[in-house]
Amino acid sequence: MLRIGQAQFDAIRRHGEEAYPNECCGVLLGHMEEDGNTVIDAVSAENTRSDSAHNRYHIAPQELIRIQHQARRRGLDIVGFYHSHPDHPAEWSKTDLEEAHWIGCSYVITRVAGSAKGNVEVMARCRALETNSFLLAGTGEEDKRLKRQPIEVVTEVGAR
Amino acid sequence: MQIHIPTPLRTYAGKQPIVEVSASTVAEALTELTAKFPELRKHLYTEQGKLRSFVNVYLNDEDIRYIAHGGNAPVKESDTISIIPSIAGGAPNTATLSSADVLTPEEMARYSRHLILPEVGEQGQLKLKAARVLCIGAGGLGAPLTMYLAAAGVGTLGIVDFDVVEASNLQRQVIHGTSDIGRPKLDSAEDSLKAINPNVNIVKFPARLSSENALEIFKDFDIIADGTDNFPTRYLVNDACVLSGKPNAYASIFRFEGQASVFATEEGPCYRCLYPEPPPPGLVPSCAEGGVLGILPGLLGIIQATEVIKLILGAGEPLVGRLLLVDALAMRFRELKLHKNPDCPACGTHPTITKLIDYEQFCGLPSKSAAPAALVNGIPQMQPEELKRRKDAREDLFLLDVREPYEFAIAQMGGHLIPLNDLPKRIRELDPKQEIVVHCKVGGRSQMAAEFLSQNGFKKVHNLAGGILAWSEKVDQKVPKY
Chain D
1 MLRIGQAQFD AIRRHGEEAY PNECCGVLLG HMEEDGNTVI DAVSAENTRS
51 DSAHNRYHIA PQELIRIQHQ ARRRGLDIVG FYHSHPDHPA EWSKTDLEEA
101 HWIGCSYVIT RVAGSAKGNV EVMARCRALE TNSFLLAGTG EEDKRLKRQP
151 IEVVTEVGAR
Chain P
1001 MQIHIPTPLR TYAGKQPIVE VSASTVAEAL TELTAKFPEL RKHLYTEQGK
1051 LRSFVNVYLN DEDIRYIAHG GNAPVKESDT ISIIPSIAGG APNTATLSSA
1101 DVLTPEEMAR YSRHLILPEV GEQGQLKLKA ARVLCIGAGG LGAPLTMYLA
1151 AAGVGTLGIV DFDVVEASNL QRQVIHGTSD IGRPKLDSAE DSLKAINPNV
1201 NIVKFPARLS SENALEIFKD FDIIADGTDN FPTRYLVNDA CVLSGKPNAY
1251 ASIFRFEGQA SVFATEEGPC YRCLYPEPPP PGLVPSCAEG GVLGILPGLL
1301 GIIQATEVIK LILGAGEPLV GRLLLVDALA MRFRELKLHK NPDCPACGTH
1351 PTITKLIDYE QFCGLPSKSA APAALVNGIP QMQPEELKRR KDAREDLFLL
1401 DVREPYEFAI AQMGGHLIPL NDLPKRIREL DPKQEIVVHC KVGGRSQMAA
1451 EFLSQNGFKK VHNLAGGILA WSEKVDQKVP KY
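The listed protein sequences derive, respectively, from chains D and P. Letter 140 of the first sequence, counting from 1, is numbered 140 in my numbering, and no numbers are missing. In my numbering, each number is its position in the second sequence, counted from 1, plus 1000.
For the record, the hints were derived by calculation from the structure and aren't laboratory data. Hints are not guaranteed to be accurate.
To be verified - Here are the simulated SDA-like cross-link-like pairs (lysine to any residue), alpha carbons at most 20 Å apart as the crow flies:
id, chain 1, residue 1, chain 2, residue 2
1, D, K144, P, E1039
2, D, K147, P, T1104
3, P, K1425, P, E1395
4, P, K1076, D, I65
Said to hold, decoys possible - Partner residues aside, some chain P positions facing chain D, computed with beta carbon under 7 Å:
id, residue
5, T1007
6, F1054
7, N1056
8, D1061
9, I1064
10, A1068
11, S1082
12, I1084
13, P1085
14, A1088
15, G1089
16, A1091
Everything numeric in this text was worked out from a predicted model, so none of it was measured. Cβ atoms here follow ideal geometry from the backbone N, Cα and C, with glycine treated the same way.
Using the sequences plus the hints, can you model the full thing?
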């Protein structure tokens, strides 16, 4: 189960719309529990894959360290990451699995639909559609897998 | 000094977020860490003892790969080492292993009637989910084709259409409704398809398919379904399929008859193997000119969809090397064997077509970008505005209408009616010394009639460009369009 506050849920979806037609990315902060992860805050990060931002994302480790320090000061851990798939289903891809190394964390993906691809103009408007969460389960690189994780959106999530 | 442990590795570090060590270099610090917590070793290092590629180690805020002395850099008590597994990912650009590998509970319920078929099953349904099909045209054939492919769970449907919904479409293009008249066909189609199955990814191409864009558009799809209504595009689609190596599920209709086949597979023939050359322009009327029984594209579109699904599933026998002929009035189905032509310019052993060409020119049609031709095959073309001007000036023009009586009953512009096929028998009703303007509905039949008259001693013959439809649009809106 991924528990997340309404405000944080809306924020990560909005980030996907803002970044369209590129992938957005960010870090989920909160606490890891027995039955899943609770997200208290979502921090947007820069997608350093400017060479292929429409279908790739990467968060610079320095940025992550900074986010981690800030999180620690607030008593929060990194419990997951979010990114968007422009005009693509909110399902994890081979790349997503290969590049996932944070066992126990939730990888949250939002589909953002906008204009058609191809020989046409990109429309200014787009919409965030499905958001799915996937828990990176397993014990290491050899047996890691992404398992669909139900999302529970709560009105307000309290810090422990 | 402190080593910060990322969340996933804390289980192997006694659940601690921070581990204190004393060391004088980065390497020493990490050695002490793994000495304290041996389980961490295989998560940080390869069997050869090197740091795993996705493990980033930072000394304060610098990557140790890029600092002086690298892993042997000296450290102070106040320094911090952070271990950061990398974070990256992205959408696939090809159909590969992904969560399109699993059906959701909603999908299992939706496709249950597929899942219980041995020829489909969960494996087959997942193939459908991973498939990307490009449908050219959201009209007569495209309507049933896309609706049934969406219902079946094809994961990605691309649709190419630049047209707008008109009332006369609704007799057969069931994907559009009355309230869609005036809307782009793509938007109307998308709404219908999403209502049937929201799981399908619809990719819209509101453009005319051309030699400039075809290969680029085809690139992201696995199977092409040609539902177009004109010869230049059929040849374009065929050549683009052969050049891209994608199969073409083909269907075509005319009045009460239809054809279906699968072209451009590696072993099978392509469209050019069957029809090396297009028919002369004007010989085969479009649906607008010739009419079509509404159900016919429904029947052929579903046959097309069936072939697409069989290609995706690898089930049954697709119509490769077979031309299915459908006679809806007699409800008879026949089959012709088609052979791959080894000398085919597109798919033969020594193909001469290596890139897309000007298909309008190939089919003998005047270039669309050119101004309306003044002369076609020696027959002067008269624009509707000019006819009006000359009629208003009371010039002595004889207007000959070569349409069918039922068309005349729907709309007419005061012409003398001699249906095209009767013209040879009734030619004596006309005066070769008189100036004659010939018209039909769109301008195709009247062009043939004008050429016939011109070959039989009539020297002052004009063709009304665009026919009664153009007259209705440009001169007299009161004349009904049909």
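Consistency of the hints with the structure:
no.	hint	in the structure
1	D:K144 x P:E1039	17 Å, holds
2	D:K147 x P:T1104	12 Å, holds
3	P:K1425 x P:E1395	28 Å, violated
4	P:K1076 x D:I65	19 Å, holds
5	T1007	5 Å, holds
6	F1054	5 Å, holds
7	N1056	4 Å, holds
8	D1061	6 Å, holds
9	I1064	11 Å, violated
10	A1068	18 Å, violated
11	S1082	5 Å, holds
12	I1084	4 Å, holds
13	P1085	4 Å, holds
14	A1088	4 Å, holds
15	G1089	4 Å, holds
16	A1091	4 Å, holds
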